Structure formats: C-alpha cells, structure tokens
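There are 2 protein chains.
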Amino acid sequence: MSGEQDLGITESKAHNPGEWYAEVVRKAGLADYAPMGGFIVTRPRGYAVWERIKGHLDGWFKDTGVDNAYFPMFIPEGYLEREKDVVEGFDPEVAWVTHGGHDELDERLAVRPTSESIIAPFMAQWIRSYRDLPLRVNQWCSVVRWEATETKPFFRTKEFLWQEGHTAHASEEDAWAETMTRLGQYERLYEEVMAIPAVTGRKPDHDKFPGADTTTTVEALMPDGKSVQGCTSHYLGTSFPEAFDITYTDEDEAERTAHTTSWGLSWRAMGALIMTHSDDQGLVLPPALAPTQVVVVPIWQADTAEAVTEYAADLAADLDAEFRVDLDDRDERNPGFKFNEHELNGVPLRVEVGPNEVEEGAATLVHRPDGESEVADREAIVEAVGEALDTVHAKLYADAESHLEDNVREAHGRGEILGTIGKHGGYVKTGWCGEEACDDEIKDEIAAEIVMLPLEEDEEPVHERCGVCGEEAVETAYFAKSY
Amino acid sequence: MSGEQDLGITESKAHNPGEWYAEVVRKAGLADYAPMGGFIVTRPRGYAVWERIKGHLDGWFKDTGVDNAYFPMFIPEGYLEREKDVVEGFDPEVAWVTHGGHDELDERLAVRPTSESIIAPFMAQWIRSYRDLPLRVNQWCSVVRWEATETKPFFRTKEFLWQEGHTAHASEEDAWAETMTRLGQYERLYEEVMAIPAVTGRKPDHDKFPGADTTTTVEALMPDGKSVQGCTSHYLGTSFPEAFDITYTDEDEAERTAHTTSWGLSWRAMGALIMTHSDDQGLVLPPALAPTQVVVVPIWQADTAEAVTEYAADLAADLDAEFRVDLDDRDERNPGFKFNEHELNGVPLRVEVGPNEVEEGAATLVHRPDGESEVADREAIVEAVGEALDTVHAKLYADAESHLEDNVREAHGRGEILGTIGKHGGYVKTGWCGEEACDDEIKDEIAAEIVMLPLEEDEEPVHERCGVCGEEAVETAYFAKSY
Numbered sequence: 000m001s002g003e004q005d006l007g008i009t010e011s012k013a014h015n016p017g018e019w020y021a022e023v024v025r026k027a028g029l030a031d032y033a034p035m036g037g038f039i040v041t042r043p044r045g046y047a048v049w050e051r052i053k054g055h056l057d058g059w060f061k062d063t064g065v066d067n068a069y070f071p072m073f074i075p076e077g078y079l080e081r082e083k084d085v086v087e088g089f090d091p092e093v094a095w096v097t098h099g100g101h102d103e104l105d106e107r108l109a110v111r112p113t114s115e116s117i118i119a120p121f122m123a124q125w126i127r128s129y130r131d132l133p134l135r136v137n138q139w140c141s142v143v144r145w146e147a148t149e150t151k152p153f154f155r156t157k158e159f160l161w162q163e164g165h166t167a168h169a170s171e172e173d174a175w176a177e178t179m180t181r182l183g184q185y186e187r188l189y190e191e192v193m194a195i196p197a198v199t200g201r202k203p204d205h206d207k208f209p210g211a212d213t214t215t216t217v218e219a220l221m222p223d224g225k226s227v228q229g230c231t232s233h234y235l236g237t238s239f240p241e242a243f244d245i246t247y248t249d250e251d252e253a254e255r256t257a258h259t260t261s262w263g264l265s266w267r268a269m270g271a272l273i274m275t276h277s278d279d280q281g282l283v284l285p286p287a288l289a290p291t292q293v294v295v296v297p298i299w300q301a302d303t304a305e306a307v308t309e310y311a312a313d314l315a316a317d318l319d320a321e322f323r324v325d326l327d328d329r330d331e332r333n334p335g336f337k338f339n340e341h342e343l344n345g346v347p348l349r350v351e352v353g354p355n356e357v358e359e360g361a362a363t364l365v366h367r368p369d370g371e372s373e374v375a376d377r378e379a380i381v382e383a384v385g386e387a388l389d390t391v392h393a394k395l396y397a398d399a400e401s402h403l404e405d406n407v408r409e410a411h412g413r414g415e416i417l418g419t420i421g422k423h424g425g426y427v428k429t430g431w432c433g434e435e436a437c438d439d440e441i442k443d444e445i446a447a448e449i450v451m452l453p454l455e456e457d458e459e460p461v462h463e464r465c466g467v468c469g470e471e472a473v474e475t476a477y478f479a480k481s482y
Numbered sequence: 000m001s002g003e004q005d006l007g008i009t010e011s012k013a014h015n016p017g018e019w020y021a022e023v024v025r026k027a028g029l030a031d032y033a034p035m036g037g038f039i040v041t042r043p044r045g046y047a048v049w050e051r052i053k054g055h056l057d058g059w060f061k062d063t064g065v066d067n068a069y070f071p072m073f074i075p076e077g078y079l080e081r082e083k084d085v086v087e088g089f090d091p092e093v094a095w096v097t098h099g100g101h102d103e104l105d106e107r108l109a110v111r112p113t114s115e116s117i118i119a120p121f122m123a124q125w126i127r128s129y130r131d132l133p134l135r136v137n138q139w140c141s142v143v144r145w146e147a148t149e150t151k152p153f154f155r156t157k158e159f160l161w162q163e164g165h166t167a168h169a170s171e172e173d174a175w176a177e178t179m180t181r182l183g184q185y186e187r188l189y190e191e192v193m194a195i196p197a198v199t200g201r202k203p204d205h206d207k208f209p210g211a212d213t214t215t216t217v218e219a220l221m222p223d224g225k226s227v228q229g230c231t232s233h234y235l236g237t238s239f240p241e242a243f244d245i246t247y248t249d250e251d252e253a254e255r256t257a258h259t260t261s262w263g264l265s266w267r268a269m270g271a272l273i274m275t276h277s278d279d280q281g282l283v284l285p286p287a288l289a290p291t292q293v294v295v296v297p298i299w300q301a302d303t304a305e306a307v308t309e310y311a312a313d314l315a316a317d318l319d320a321e322f323r324v325d326l327d328d329r330d331e332r333n334p335g336f337k338f339n340e341h342e343l344n345g346v347p348l349r350v351e352v353g354p355n356e357v358e359e360g361a362a363t364l365v366h367r368p369d370g371e372s373e374v375a376d377r378e379a380i381v382e383a384v385g386e387a388l389d390t391v392h393a394k395l396y397a398d399a400e401s402h403l404e405d406n407v408r409e410a411h412g413r414g415e416i417l418g419t420i421g422k423h424g425g426y427v428k429t430g431w432c433g434e435e436a437c438d439d440e441i442k443d444e445i446a447a448e449i450v451m452l453p454l455e456e457d458e459e460p461v462h463e464r465c466g467v468c469g470e471e472a473v474e475t476a477y478f479a480k481s482y
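For the protein sequence lines, the chains are X and R, in the order given. Read in order, the letters of the first sequence correspond to residues 0 to 482 in numbering that gives the first Met the number 0. Read in order, the letters of the second sequence correspond to residues 0 to 482 in numbering that gives the first Met the number 0.
Take these hints with a grain of salt, some might be off.
For chains that are exact copies, the list does not tell them apart, and a pair is met inside one copy or across any two.
EDC-like cross-link-like pairs, simulated, lysine to aspartate or glutamate; straight-line CA separation at most 20 Å [said to hold, decoys possible]:
| # | residue 1 | residue 2 |
| --- | --- | --- |
| 1 | K26 | D66 |
| 2 | K61 | E321 |
| 3 | K61 | E50 |
| 4 | K422 | E250 |
| 5 | K207 | E455 |
| 6 | K337 | E458 |
| 7 | K207 | D439 |
| 8 | K61 | D319 |
| 9 | K480 | E250 |
| 10 | K337 | E371 |
| 11 | K26 | D131 |
| 12 | K61 | D325 |
| 13 | K83 | E404 |
| 14 | K83 | E358 |
| 15 | K337 | D131 |
| 16 | K53 | D66 |
| 17 | K12 | E359 |
| 18 | K337 | D173 |
| 19 | K61 | D131 |
| 20 | K61 | E80 |
| 21 | K394 | E241 |
Keep in mind that the hints were calculated from the coordinates and are not lab data. It should be emphasised that the depicted structure is a prediction, and the values quoted were computed from it without experimental measurement.
Whenever a hint applies, use it, and build me the whole structure from the sequences.
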C-alpha cells in the first residue's frame, strides 16, 4: 500500500487508453487481478464506489415498489435447457459445477449467468390473482459468464457484480411502463450521480436479449470514442410467462398470462465512470460517489506546526458533519506527496491550510478535475465546500456533455458512415431500413454497429433513406464502436 | 401469495418444533425450497430481515475501521491445497467447477467455502510496513459447503449468506482486541437488535476453526433447549501469516510477522431469531428488524366507513414519518382475516381504529408477542407507538432471558450431566479437565458437547473436579445439545 515507486500514473489516457485505464484501476487501489484469468479482487476504494452506486439505485427501486430477494447461485442444467427451448439463441457460456465434495452430481449445476430461468418458476408459484400483481423482485449478486478472454477490470470479467430486477404485470402497458421506469432510473444514475450524460434508446431486434420483446439501453460515450452499454431494461412480453406458466386470475375470474420485465446494471458502470472522468494524474470521481469527498491538508513549518494543525483539525471537524472528510496530518509525508496521492485516489476537493490561511481566517479549496483553486472564508467553510463539490460535479458533467455533443454526427451513405466513425469515433446518426444486413455490413468493415435506436417511435427518421443501402429508412440508428 | 388455505400455522412449536419452524418460514413468506436439495429462495420478507441485520452490523464495522471489499467467488484448487498443508484438518466439502463453457478447466475451482486462502495472499501484497496495519476487510457474500443433508432454511443450507471479516495486525495484543471487538458487536446484535440474550465464550481447542489460535462464539439457547452457535470470531495467530507470508517492516526496519483474525455471522442468525420469538400464530419479529413495524387496520361498518378510513389514513401518515408503517385498508378482507395475516407475518404492533376510536380521539395498540392491548391518545400517537415498540422488544428479550436463566444448570458427575441435559436440555455448567475424551464421552452418549468455555481466564472453575472424569478441573465448560 505504501511504496513510492507505485505512485503516479505513467501511461497517457490520450495515447494509450487501455494501459492507462489498467494503471489507474490498480494504482488508485480500485482492484487487483485475481490469480485466475478473468477475475478481479475489488479493493476497498473500488468497492466503496460500487456500494454508493448500489445505495442510490436501491433507494430508488424501493421507493418505486421493488423488494430485494435472493435466489440460489446455482441453476440446474434442466432449468437452463427449458429456457433454451423457448428462447431461441440463449446459450450462454457458463461455469459448470459437476462435483459436490467427493461425489459427482447427478445433474450439473450452472453458476448463474442471469436468473430468469430460476426466478420465473417461483413467480409462477407466487402469482395467483391480479391482487398479486405487480410483483417486483431484485437481487444484488454476482453472476458468471465464461466469455471474457482478456481481463479488463469492471468492463470484461468472468465474474461480475450486478443487480437484476424481475417483475410481472397484468398488462403490456404496465410492463412497458415498468421497463421505462427502470431505464429512467438508470439514466438518472448516469446523469445525476455519475456525472455522465447519456443517450437512451432500444437495441435493434437482432441484438436484443433473447426472449425479449424490446431491449432498452443507456449508452455512454467514452473519451476514446467508443460507446458503453451502461445497463439494460427489457420488456420481455409473454415469452417467459408462457414458458413458465406465469398466469393470474383477473377480476372476472378469467385466467390470463402475465407480462414480465427484467433489468440490470453491472459494475461495468464503474468502468464507464473511471474511464470518463479520470486523467493522467489518476482517478477522478464525482462527489456523490467518492469515498472521501474532501481531504484537508495542513501545510506547516516547524514554527507554525501547532497553530496550523490545530486550525486544520478544527476545520476538518466542522466539515465532518456534512461531508466524507479525511484530515491528512501525517508528518512523515510532505504536502507535495500528499497532493499527488489524493489526486491519484480521486478525492474531488482538497482543502489546503497553511500559516496564511490561519492568519486570514481562510482556506484554499482546490478542485480535482482542473486544479482550479479558490479561497474560502473559514466562517462559511461548510457552505463553500458544498458549493465547490457541486461545481466539481458540474465541471465533470459539462466536460462529458461537450464531448458527447461534439461526437454525434450525421452521415449519409456507406462511405461517409465508415469514414466518420473511422476518423472521429463517436456516434453516427443515420437513417436505417431496419435490415440486419445493413448493420452487418458496417460491422464487418470497422467493427462498429448500431448501438441504439431512439425511442420516440412517432418521429420521422433523421434521413429518408437508409444510410447503408439507400432503401427507404424506417427509423434513425446510432452507429458506434462499442465496448 | 393469496389463497386462504395457506394462512395459519397448523404445527405446534412445543410438540413439533421442526415442522413448526418449516411452516413458519414458508407461510410467513420468508423462504421457499429451491429445486436442488440444500438450497432455498429467500423471499422479500426474509431478505428484508437479513438486510436489516446487515445494516446494523455493517454500520458498526465501518465505525470501527472496517472496509468492505469483494474477492472472487472461486478459489483455485491449489490455493485450497496450500491452506490444507498448513492448517491441518481443513478439508471442507466444496462445490467444484470443472468446466467453463464447453471446455474442461486446467485446474478445478472451488466455490468459496470461506475466503482465508484467497484473501491471505492479497493481504501479503498489500501490507508492507507497520503503517499499513491494521488492515481490515470484510465481504458480504454467499458461500457454499457441500455438507447439509437435510435442508432447514437458514440453519442448514448448502449455500448461505454471510459476512466474513479478515484483519491483520502488528501484534497479538492488537489482533486479540480485534477478535473481542467483533465478538462484542455480534453479542450486541443478538441482545439489542434481535432481542436474544446470549452467552459468549470460546470453543475448546479440539473444536476450534482449523488454523485458529482461539475461536470465540456467541451461543443462543433455543426454546427447544438446544444451543445455536450464533457467529464466530477467530484469533488466528500467525498460522496464516506464516503460510502466506503476511509480514511487515516495523518502525525499526525489522521484518515481522503479522497476526490475523477472521470473524463471520451468517443467516443462521435469522434461523435463531425466527425460532426464538415466533409462536403458533406465526412469525414474531423484534421491531428493529421487522420490515413492517406497525400496521394500521381500520374497522368500519357501511355508515362509518368514510370517517374511519380517513382517520386511519391520517394516523398512518403521522406514523409514517417515524416508523415503517402499513395501512391495511383493503375492503375485500375483514378485520379478523387481516389480524391473522399480520400476526402470521410478524408485524410487531397493530393499531386498530374503529368508530369508538374516532369518537374518542384514540387508537388501540395491540402487541404482537402477547396480544396485550392499550388505548393511546391520537394526539400523542407517535410517542405511544414508539413506547409500545420498545415494550415489544423488552417483552421478547425478557421472555428469552428468563428461558436462558432457567436453563443454565450445574451438574456434578457424568450421570448428572447426562440426566440433566436429557431431561431439561439447556446448558449444563461443570468443571472440565481440558481433555477432549471427556467431551467425547458425553457426545457419544447423548449428542451433547461442550459448546462454550467462559472467557474470563482468571476465574476459578465452577467445580474443583471435572464433571466427567473426576480429575482436577482447569476450567468451566458449558455442555449442551446444539444445532
């Protein structure tokens, strides 16, 4: 944990984003690589960020009728097979438990890759009449998908933490409203908590969750011009209810089939967070998610030590009632070392206190994202720090917003689409005929694809013609490279 | 979820405690059995209790320097083997992952049965100097042990939820203090939150956690006279540090070996909770853990409907600011049905409001544990409900306390020990020579054993002679049957 050789980011975000990202994750103490490829150890600073993401979402979920529950981490092979029969194309690569103790199991157990197939049969048991609807359960857990090849902490790992919500409703209308409620909460998380403006929409039919009627998504544009699918919220229609007998008796005693949804957000959101805001000094976090929001650093010489440290401690104590504050009064480290360390670790605001500040009854506030400093009045320090933290959030958001705005471009025709994405990255907005072949054509050329279709279905497509084949466009598509 | 045939407990706690327990768990909506033996589905009401247990403990842990983290759910076989080499006797029955996707793995992965063997190597990396100590990490997760034969929800399941804390310290003294801090927090959870008085002590050497120097425990006495090991807090000494190279440089630049601890509490605590307080009407919960603390039930006839429901809604709204309140104004159910349902579900306090209460500006409060009712003034309803909830907690605690006090008995001699436990259950307190053989002798006869040795090491043994063999006693032992 100590060891000066470890301090400081050596890679460049602009030139080597992959290596830079890995270095920030490790040196800021967010995660380490586990001995098995594809697995990571989430260290306290990383886990604290995840806990805060969880805290926000979980509160919103509960305020809107969701209960948490916990389903087994194993799913019998026969249950997964049952799902495969009804949901064509669902064949996840899973980890298989074949032995318990010294004995081989009669039936293999999959470590859950997602839990529809174990939750649906219980929903079928629990739902009898319309009075049991809506039924909403969510679980915070880890899932395993044996897919990741190269490990990229939080972005690509075989085991990842997430939440998965599963709901059942009396009608399509209710289930669709649920799908939108959750999408809205995810968007709110990105914008208000993570300071990341996002675009929302649905996936093309050929890229939706197997078994879903509609898959919606929040997409976030990374600084390197690639899009991250930041969550998904699926309207599943009646496919799972039909396969698993999720029916209910309505007010007229008629038996009806329920409509279901599922929606999830994983720690990939943390990956997007780290990648969006951090810089060549290290981690940058929005105040809402930072484990330490404010660090107070006293700067003293021998003759001022007592007055300065006392002033700093007093100030930190005042702030402590309102914010997550750390007083860094270690005497074995000089201020420069401390500044670098707290910058590396992503503390949003540094409060410097030296003899001048003591004399003037002031404190110097330094914003992490851009190093801007301001002098605040000691008497009004709590308000000043609160405003400075709001400013830090606003700066992060504004930077990400202008990056997003600058990187949504229209293109007409295959050549222009390929050229624009190839040159600038970002989103290319164009008309689309609705054929998968046109998506494939772009994918085959430059590994970009349709990441999102705006949800406003009444709106006219941005262009009359499909940007790829020139046939009539039926909607607008956003093409981008993606993580 | 509806369906009247499901309401009401039919088994007797006194005569059929096993069946009664299973019925309460299922009918109060705490858990269902999963399709695989040994696994359960934790339903919203059950999970909400666990979340509150977690909330209390997690807050105390964080207040005392513990950070949460997350380690992989899989442990390579070689890591477990390494542990086996140093910790004789550690050979847990685990679930083995042998295949990922369609491929057989080069090395089998164990689903974690506990995480010492994957956490210790990381501690070794993270700790360099005395400044990195103490290091405290905790994780809330599930673990799997392929041991349970018969499923008993929360008590015996192959997968269970728990927290496991792991810490490293500079000295034995610090590590021992840590062990005691966590034991004290568990005891506090049992007493203040769960309303269960407990006895604390250490396990005999032959029954401690493999590799531990000392295993301490909180034991709770169940109504059927058996003891539940309610948690464990281990002082591990230097066994893991020596095996995994957890060393640090001290202030004089000398390399030293750290001392470690681990401590855990599982959802077995929920099992103890349900079993201790619940009765033949169903679940009983202490107010601190009840998902719904207060249910307001309006009781009206046609002519009073509007006045009563309005009064009830207004009262519920007042309570809602302070408590977790449910207003049960369903018109398709009569009050008797509602009373039974909320009793089954363990709501600690019922507030009844009828025409009389409206007229008198009052409300009738009914305590779940004993059905006692009191009339409260509408104007002071928030205070009255707060006091009534405190009273409910106190009643639960007092009942459990008198049961415990009545069931700690002294016995001299083998025959009396066997006879006393055979007849009354509970704890038998006697002198012990320190030999495992004496524990085995009792175990072989009646499946009772030493569950706890009081911690005060200076104290004289309760008897001069070992209650089993008659040799000189070196300490006091508590024998009991246990879960």
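Status of the hints after comparison with the structure:
In the homo-oligomer, the alpha carbons of K26 and D66 lie at most 20 Å apart only across protomers (18 Å), although the nearest pairing inside one protomer, at 37 Å, exceeds that limit. Taking the shortest Cα distances, K61 and E321 sit within 20 Å of each other only across copies (17 Å), while inside one copy they are farther apart (25 Å). When the C-alpha separation of K61 and E50 is checked against a cutoff of 20 Å, the pair qualifies both within a copy, at 16 Å, and between copies, at 13 Å. With identical chains, the CA atoms of K422 and E250 are never at most 20 Å apart, being 59 Å at best within one copy and 56 Å at best between copies.
Within a single copy, K207 and E455 get their C-alpha atoms as close as 18 Å, which meets the 20 Å cut-off; across copies the closest is 64 Å, which misses it. With identical chains, the CA atoms of K337 and E458 are never at most 20 Å apart, being 54 Å at best within one copy and 50 Å at best between copies. For a Cα distance limit of 20 Å, the shortest separation of K207 from D439 inside one copy, 15 Å, qualifies, whereas the shortest one across copies, 62 Å, does not. For the homomeric pair K61 and D319, the shortest alpha-carbon distance between copies (15 Å) is at most 20 Å, but the shortest distance inside one copy (28 Å) is not.
Taking the shortest alpha-carbon separations for K480 and E250, neither the intra-copy value of 49 Å nor the inter-copy value of 53 Å comes in at or below 20 Å. Taking CA atoms no more than 20 Å apart as the test, K337 paired with E371 passes inside one copy only; the shortest distance there is 17 Å, against 62 Å between copies. Taking the shortest Cα distances, K26 and D131 sit within 20 Å of each other only across copies (16 Å), while inside one copy they are farther apart (49 Å). With identical chains, the CA atoms of K61 and D325 are at most 20 Å apart between copies only, with a shortest distance of 15 Å across copies and 31 Å within one.
Taking identical chains as interchangeable, the C-alpha atoms of K83 and E404 are never at most 20 Å apart, the minima being 41 Å within one chain and 58 Å between chains. In this assembly of identical chains, the alpha carbons of K83 and E358 never lie at most 20 Å apart, being 73 Å within a copy and 62 Å across copies at closest. For the homomeric pair K337 and D131, the shortest alpha-carbon distance between copies (16 Å) is at most 20 Å, but the shortest distance inside one copy (56 Å) is not. Within a single copy, K53 and D66 get their C-alpha atoms as close as 14 Å, and across copies as close as 16 Å, so both meet the 20 Å cut-off.
Proximity of K12 and E359 under a CA criterion of 20 Å is satisfied in neither setting, with 39 Å inside one chain copy and 72 Å between copies. Taking CA atoms no more than 20 Å apart as the test, K337 paired with D173 passes in neither setting, with 53 Å inside one copy and 28 Å between copies. Taking the closest pair of Cα atoms, K61 and D131 come within 20 Å of each other only inside a single copy of the chain (17 Å); across copies the shortest separation is 38 Å, beyond that limit. For the identical chains of this complex, K61 and E80 are neighbours neither inside a copy (33 Å) nor across copies (43 Å), given an alpha-carbon limit of 20 Å.
Taking CA atoms no more than 20 Å apart as the test, K394 paired with E241 passes in neither setting, with 49 Å inside one copy and 49 Å between copies.
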